[in-house]
Structure formats: structure tokens, C-alpha cells
Amino acid sequence: MTSAESRTVEALTGSDWDYSPAPERTRPDIASEYGLFIDGEFKEPQSGKTFATTNPATGERLARISEAGEADVDAAMAAARAAGPKWARLKGRERGKYLFRLARRIQECARELAVLETMDGGKPIKESRDVDLPLAAQHFFYHGGWADKLQWAFAGRNVRPRGVCGQIIPWNFPLLMAAWKLAPALACGNTVVLKPAETTSLSALHLARLLQEIDLPPGVVNIVTGAGDTGRLVASHQAVRKVAFTGSTEVGRLIMQELAPREIPLTLELGGKSANIVFADAAIDQAVEGVVGGIWFNQGHVCCAGSRLLVEESILEPFVAALRDRMAQLRVGDPLDKNTDVGAINSREQLDRIRSLVAAGQEEGAILHDAQTDSLPEKGHWFPPCFFTGVQPSHIVAREEIFGPVLAVMTFRTPEEAIRRANTTPYGLAAGVWTDKGSKIFEIARRMEAGVVWCNTYNQFDAGSPFGGVKESGFGREGGLHGLRGYVR
Amino acid sequence: MSRLEVVKTGKLWIGGDWPRSESGATFVVENGKGETVARCALASRKDAREAVEAARAGLPAWRDATATLRGQVLYRAAEMLESRADEFTASLCDGGEGLAAARREVERSVDRLVMLAGWCDKIHQIIGCQNAVAGPYHNFTIPQACGVVVTFCPASPALLGMITLVGAAMATGNAVVAVVPRAAAMTGVLLGEVLAVSDVPKGAVNCLTGDIEPLLEPLGGHREVAVMVSSGLGKAARTTLRLAASDGIRRVHTIPWTGTDWEDDGETCSPWFLEQFVEFKTLWHPSGV
Numbered sequence: 001m002t003s004a005e006s007r008t009v010e011a012l013t014g015s016d017w018d019y020s021p022a023p024e025r026t027r028p029d030i031a032s033e034y035g036l037f038i039d040g041e042f043k044e045p046q047s048g049k050t051f052a053t054t055n056p057a058t059g060e061r062l063a064r065i066s067e068a069g070e071a072d073v074d075a076a077m078a079a080a081r082a083a084g085p086k087w088a089r090l091k092g093r094e095r096g097k098y099l100f101r102l103a104r105r106i107q108e109c110a111r112e113l114a115v116l117e118t119m120d121g122g123k124p125i126k127e128s129r130d131v132d133l134p135l136a137a138q139h140f141f142y143h144g145g146w147a148d149k150l151q152w153a154f155a156g157r158n159v160r161p162r163g164v165c166g167q168i169i170p171w172n173f174p175l176l177m178a179a180w181k182l183a184p185a186l187a188c189g190n191t192v193v194l195k196p197a198e199t200t201s202l203s204a205l206h207l208a209r210l211l212q213e214i215d216l217p218p219g220v221v222n223i224v225t226g227a228g229d230t231g232r233l234v235a236s237h238q239a240v241r242k243v244a245f246t247g248s249t250e251v252g253r254l255i256m257q258e259l260a261p262r263e264i265p266l267t268l269e270l271g272g273k274s275a276n277i278v279f280a281d282a283a284i285d286q287a288v289e290g291v292v293g294g295i296w297f298n299q300g301h302v303c304c305a306g307s308r309l310l311v312e313e314s315i316l317e318p319f320v321a322a323l324r325d326r327m328a329q330l331r332v333g334d335p336l337d338k339n340t341d342v343g344a345i346n347s348r349e350q351l352d353r354i355r356s357l358v359a360a361g362q363e364e365g366a367i368l369h370d371a372q373t374d375s376l377p378e379k380g381h382w383f384p385p386c387f388f389t390g391v392q393p394s395h396i397v398a399r400e401e402i403f404g405p406v407l408a409v410m411t412f413r414t415p416e417e418a419i420r421r422a423n424t425t426p427y428g429l430a431a432g433v434w435t436d437k438g439s440k441i442f443e444i445a446r447r448m449e450a451g452v453v454w455c456n457t458y459n460q461f462d463a464g465s466p467f468g469g470v471k472e473s474g475f476g477r478e479g480g481l482h483g484l485r486g487y488v489r
Numbered sequence: 490m491s492r493l494e495v496v497k498t499g500k501l502w503i504g505g506d507w508p509r510s511e512s513g514a515t516f517v518v519e520n521g522k523g524e525t526v527a528r529c530a531l532a533s534r535k536d537a538r539e540a541v542e543a544a545r546a547g548l549p550a551w552r553d554a555t556a557t558l559r560g561q562v563l564y565r566a567a568e569m570l571e572s573r574a575d576e577f578t579a580s581l582c583d584g585g586e587g588l589a590a591a592r593r594e595v596e597r598s599v600d601r602l603v604m605l606a607g608w609c610d611k612i613h614q615i616i617g618c619q620n621a622v623a624g625p626y627h628n629f630t631i632p633q634a635c636g637v638v639v640t641f642c643p644a645s646p647a648l649l650g651m652i653t654l655v656g657a658a659m660a661t662g663n664a665v666v667a668v669v670p671r672a673a674a675m676t677g678v679l680l681g682e683v684l685a686v687s688d689v690p691k692g693a694v695n696c697l698t699g700d701i702e703p704l705l706e707p708l709g710g711h712r713e714v715a716v717m718v719s720s721g722l723g724k725a726a727r728t729t730l731r732l733a734a735s736d737g738i739r740r741v742h743t744i745p746w747t748g749t750d751w752e753d754d755g756e757t758c759s760p761w762f763l764e765q766f767v768e769f770k771t772l773w774h775p776s777g778v
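Chains as they are written, first to last, in my numbering: chain B, 1 to 489; chain F, 490 to 778.
Hints are supplied without guarantee of correctness; some may be wrong.
[Claimed, not checked] With a straight-line Cα cutoff of 16 Å, these simulated EDC-like cross-link-like pairs (lysine to aspartate or glutamate) come out:
1) 611(F) / 258(B)
2) 126(B) / 341(B)
3) 535(F) / 568(F)
4) 724(F) / 341(B)
5) 500(F) / 700(F)
6) 522(F) / 575(F)
Treat the hints as calculated values from the structure; they're not laboratory data.
Sequences and hints are given; from them, build the entire structure.
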């Protein structure tokens with residue numbers, strides 16, 4: 001693109017043409033305090049401790065959340081264990097009907113839940129409304145249908161539930177991650193103690209209200225809120241027969257160490273530094289859109305974010321120009337505004353981490369390109385979308401998971417080099433390949449060391465599509481037929 | 490006139506070569522009567538690392554061979570095993586097995602290998618699938634080899650256990666480092682000799698004999714190892730292995746089978762067993778014109 005063309009794009013799409021605010025006005029019914037959801041009821045924490053949950057876009061306190069201590073986790077585990085046999089004996093079809101019911105209730109409450117998710121976590125309402133909520137509902141609907149078909153899912157085996165599952169989920173897709181964990185566990189006849197992330201407990205607690213409404217038997221799902229200490233209590237509890245964790249590789253490793261003396265099956269969905277490879281023969285406009293969605297979706301708080309862009313050298317300049325133009329059009333700000341593309345960073349802690357990694361990128365000599373930042377709200381945690389060029393594979397921004405809206409752009413000359421560079425990482429969650437040549441797609445996809453490969457697309461998710469990584473991105477799959485495997489014996 | 494017997498020294502099998510242990514150490518393999526049957530190389534930590542490197546180097550040739558070809562190679566190995574049945578029977582008898590039981594184990598092992606050979610070009614169809622997603626995308630999930638697999642083979646059944654673990658890893662396209670305990674060492678060496686003349690690419694299978702404990706950490710913590718499958722390890726050893734594996738977030742599968750469990754084809758050749766040796770990869774592509 002010439003500079004004149006670039007100016008034309010700016011004139012057509014720039015800030016002169018800003019949208020009017022379109023705030024979402026629905027407000028969910030947020031209580032001032034939330035107990036722990038144990039044995040079908042909300043209970044005061046025996047620990048006596050609570051903590052505040054805030055809206056990262058405003059700093060406003062939303063509610064006080066209970067911090068589950070040892071006695072609380074014990075109570076949740078006891079409830080899950082007590083509910084186990086009856087739930088496991090229930091006919092698959094009946095178990096499935098609870099999941100179908102839940103899917104329906106989520107759909108009916110989708111607007112309130114989407115707003116709640118956005119208020120508690122900072123993600124744009126557009127995304128919680130169009131991605132998180134529909135997928136969460138779909139997940140329960142999909143797995144509801146598996147509950148009475150397990151004998152065909154596991155041909156030749158007489159599978160049984162594992163028992164009590166300890167499940168720990170992250171803050172980037174709070175409700176959706178709860179759905180990913182709960183749905184297959186329940187469909188297979190297990191009972192659950194779920195621990196949401198401490199900055200985003202609300203949607204799980206509202207999900208607990210729906211579990212009461214659908215008359216799910218008490219104890220089948222228990223939700224204990226708290227931070228890392230609570231998580232450790234859940235993962236290491238003697239009652240658990242299965243642990244599923246989504247979060248950082250660092251914590252995943254600690255869980256493996258904690259459980260090393262025991263034969264507890266694990267599902268780990270950990271970090272990533274996924275490569276998005278764009279060949280010169282790709283449909284460039286589509287590739288630009290895919291790269292944008294790949295890294296800036298959900299502020300880059302995505303384990304499978306396409307955070308390393310590998311562009312064929314011959315198209316680097318026009319591609320980077322197009323990316324810069326597209327980045328300039330992203331609307332950063334009030335997550336409750338329906339026009340917002342990039343919302344708030346989830347927590348102060350995460351913002352600090354992103355800032356320090358970006359500073360490290362600059363110190364190492366990479367060139368930072370960031371979106372205009374003059375209109376960012378004064379309160380809350382914000383980090384505008386950005387990307388680095390001039391990145392060496394050895395740079396911190398090319399190696400470490402940033403979990404923020406930061407893209408590292410690198411180049412390659414041959415397919416072999418692209419494959420080598422893409423695989424030169426301890427992670428192996430996802431990869432993207434952009435080319436119009438079918439044979440090239442299959443060969444690159446085959447050789448990617450990753451559990452999910454998006455070809456001419458990126459960041460697609462579906463209840464029926466197994467998701468999970470290899471290498472230090474973890475093991476086990478969630479979603480689809482393969483996601484059931486972790487929940488039976 | 491009595492003839493002095495030529496006693497064989499069993500060596501390691503690494504990268505297609507037959508080195509003695511880098512440490513030079515050996516151990517004595519005795520039969521049930523306390524007579525020396527053979528000496529075997531005692532694998533060191535360095536041997537273990539070298540075996541992993543060799544497996545990594547040998548992986549592409551095996552993994553990227555067509556599934557049909559891999560099946561034929563495994564079938565060839567079954568042919569070679571059958572032709573050396575007496576030798577294997579004797580080796581198992583040296584390990585304390587009765588003659589009839591040893592014969593049965595060898596026959597079962599040949600048959601197991603034939604069954605696994607047949608899986609090479611079929612397992613994908615059983616455990617892979619197409620996924621109906623809610624959008625205009627073609628989406629499918631395929632099993633792929635994990636990479637380098639370490640199999641901790643049981644002392645008993647020496648041959649059938651090793652054939653099952655190594656054969657399953659091979660059938661799914663992995664390169665293997667087989668770790669064989671002292672009691673099964675000579676059988677392990679013989680099996681290596683069989684595979685070595687069955688068109689298995691150099692380094693695709695490697696065999697280490699000796700004491701398991703010193704090898705747990707170097708193998709479990711090696712980043713080129715994708716998966717470990719353990720059989721016959723005690724609780725402490727399994728814990729050590731899992732702790733080492735946690736460093737690289739590597740999977741450790743514990744095989745619970747003992748004794749006659751290994752004879753059950755329905756369990757030991759099931760897709761659910763073979764699945765422990767694959768990674769599932771899900772591919773998405775838009776569909777439209």
C-alpha cells in the first residue's frame with residue numbers, strides 16, 4: 001500500500017468516523033456477597049475469609065467472594081463423593097437431560113451472563129455475547145447427547161465414571177471453561193468440585209444458581225472459590241480421582257509434582273506461544289483478518305493466541321502495513337460498548353506482566369508498533385494492541401507467553417524454515433497456516449507440533465472439536481469424542 | 490573331550506549400533522540354577538541420553554514411512570521371531586520359565602506382533618474422526634505419533650511384555666527406547682537382534698539393559714522424550730519418573746497388567762491401549778467457494 005492509499009484508508013476508517021457509544025444496558029443481578037456452592041446450597045465459608053472481585057474496566061468492586069479453606073474444600077469433596085454413586089447409577093439419558101436443561105437455561109439467561117462475564121473479566125461484550133455464551137450452551141447441549149451413548153463412544157469397553165473430579169479453570173473464558181470442564185465430567189457420570197479463577201468467579205457462581213434451578217441433585221457439582229491455595233487443596237485432595245486444570249504451564253507442573261506419588265489421571269491445558277504462518281500465496285486480506293483475530297481476540301488472553309506471526313519474507317512489507325492499518329481500526333475501551341473490539345486487561349497483575357514483557361522486547365531491540373492510545377479510559381487496566389517487528393527468535397517476546405495483545409512478527413524464506421521456526425518452542429498448543437495451496441496446507445499441518453491446527457482460519461472453537469496441546473502445552477483433550485476419554489475408566 | 494562354551498555378551502542397541510555400555514560395566518545373567526548364562530551391558534545415564542538422541546534421529550524415517558510399510562516391517566519382525574523361536578524359548582527358560590510356558594509365550598509374542606502389524610494402517614480409522622462443527626468448516630481429528638517413546642518393560646512376561654509395549658509404540662509410528670530390567674535382559678537383546686534384521690530404520694528402536702532406577706531421571710527429564718510407558722516399576726520408581734517428567738510436562742502411562750493379563754489380546758491390542766502412544770491433532774479448514 002502506498003502512503004497515499006494508506007491516508008485514504010485512514011480517512012475512510014479513522015477516528016473521524018468513530019461510532020457513537022452503544023452501551024449494553026442490561027445489568028445482571030449481582031449479589032453483594034457470594035457463598036461457596038456446596039451440596040446444592042450457597043454456604044458461608046468455614047474459613048471466614050472473603051475477597052473482593054472488581055470490574056477491571058472501572059476498578060469498581062462488584063461483590064465479595066468467599067475464599068474456600070481446607071474445611072470448605074473437604075466439605076465440597078464430601079458432598080461430591082456422597083452424590084457420586086447415585087449420579088453414576090442414573091440412566092445416561094436422564095443425566096443427559098439435566099445437561100440439556102442447563103443448556104437451555106444458559107441460553108435463556110445468555111444476555112445477563114454475557115454482561116456479567118464482561119463486567120467481571122473485562123472482555124468485550126461482543127465476544128462474551130457471540131462467543132463465550134453460545135459456546136458454553138453448546139457445550140452442555142453437545143455433552144448432554146453423549147450421556148446415553150457412551151457404549152458407542154467406547155466400543156468394546158464397559159466404561160464407568162472415575163468419581164470425584166477436581167477441576168481448576170482460568171480467568172480468560174470463565175464460564176466457557178467451566179462448561180468445558182463440567183459438561184464431559186457430568187455426561188460420563190462423575191461428580192465435580194470446580195474452582196474458578198479468583199478474578200472471575202461470578203459467572204461460575206451464577207451458573208450454580210442455574211444448577212439449583214434445573215434441580216441438579218445436590219453435590220453433583222460443587223463450586224469453591226478462592227486463589228491458588230484453594231486450587232492446591234482441590235488438586236491434591238485425597239477424594240479426587242481425576243484432575244483437570246487449565247492455566248499456566250508453571251502451575252501445571254506444580255500439579256504434576258503434587259500428584260506424582262499418586263495414580264491420578266490428569267488433563268492439562270497449559271500455556272502456548274502459537275505460530276501463525278502466512279505464505280506469500282495466501283489470500284492476504286483473509287490472512288490479515290485471521291492474524292488480527294488470532295492475537296487480539298480477548299485482549300490476547302488466550303492460551304492458543306497466534307502470538308508469533310511468521311510471514312514469508314517476500315510479503316513482509318505489505319503485510320505489516322495492512323496489519324498496522326487494521327490494528328488502528330480496533331476500538332479499545334469500554335467492554336460493555338457493543339462496538340468495542342478490545343476490552344480491559346483482566347487484572348493489575350496481568351497488566352504489569354504485559355508491560356514488563358513489552359519493555360523487555362524494546363530493550364532487546366525489537367521495534368514496537370502500537371495502536372493509538374489517546375482515548376483509553378482513565379480508570380481500569382488497559383493495554384492497546386501492538387506488534388513487534390525486527391524480532392529475533394531468541395527475543396523474549398518471541399519465546400515467552402505474554403497472554404496479552406502483543407504479537408511478535410518474524411519472517412521465513414522456505415516452508416522448511418517456517419516449520420522449524422514454528423516448532424522451535426517448548427509449547428505446542430495451536431498453529432495457523434495460511435496458503436491457497438492445498439497440498440502445502442496438509443504438509444505444514446501434519447508437521448506442526450501442536451494439538452490444534454487452523455488452516456486459513458484461526459481461533460475457531462466448537463463443542464464437538466477436540467482441543468488441547470502437546471509438549472509443554474499439556475495433554476488430554478477437551479471437547480468432542482476425544483474429550484470424553486479423561487472422564488471414564 | 491569337553492568343549493569350552495562361547496558365552497555371549499549381550500550389548501546395548503543404540504542408533505542401529507551395538508555398543509557396550511559407555512561405562513564399560515556389565516552384569517551377569519544367571520539361569521535358575523545360578524549358572525552364568527551370559528553377560529549383558531549395564532546401561533548408564535549417558536547411554537540413556539544417547540539412546541534418546543538416536544531415537545530422535547531415527548524417528549522421521551519410521552514415523553514418515555507409509556503405514557503399510559510399517560505394517561510390513563512389523564510382520565517381517567514376526568517372521569524373524571518365529572524363526573528364532575527356540576532361542577527365545579531357551580532364553581525365557583533361563584529366566585526361570587518352564588519349557589511349555591516359554592513356548593506358549595513365544596507363540597503368543599509372534600501372534601501379538603502380527604496383530605500389531607495389522608493395526609498400522611487401520612488404527613487411524615478407529616480412533617480418528619470427523620467432527621460436525623457449527624459452522625462452515627471441515628474439521629477432523631487425526632492420531633499422530635508422539636515422537637520418542639520410552640517403554641519400561643516388565644521382567645515378566647519378558648518377551649510378551651516387551652513385544653506388546655515396543656510393538657504398540659512402533660505400530661503407531663513412534664521411535665522407541667526400550668528399557669529392559671536385568672531379569673529380562675537377554676530376551677531384550679535377542680529381540681533387538683530380531684528387529685535389527687527386519688528393516689527397522691536405524692535408531693527407530695533402541696534397547697537399554699540393566700538397572701532401571703538410575704535411568705529414570707535422565708529419561709524422564711529428557712525433552713526429546715514425548716511419552717513414557719511404565720510396566721513393572723515400583724511405586725517409588727513411578728513417583729521418581731513422574732517427578733522427572735513434570736519438568737517437561739511429559740505424560741507417563743502406567744500399565745497395570747501383570748502375569749496372564751498380558752495374554753489377553755482384547756485388552757493388549759485394543760485401540761484404547763494403542764491410543765496411549767498417539768497425540769490427537771485437530772485440523773480446521775473453512776469450506777466454501
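**Request:** Just pull the numbers of the violated hints for me, sorted ascending.
**Result:** 1, 3, 4, 6
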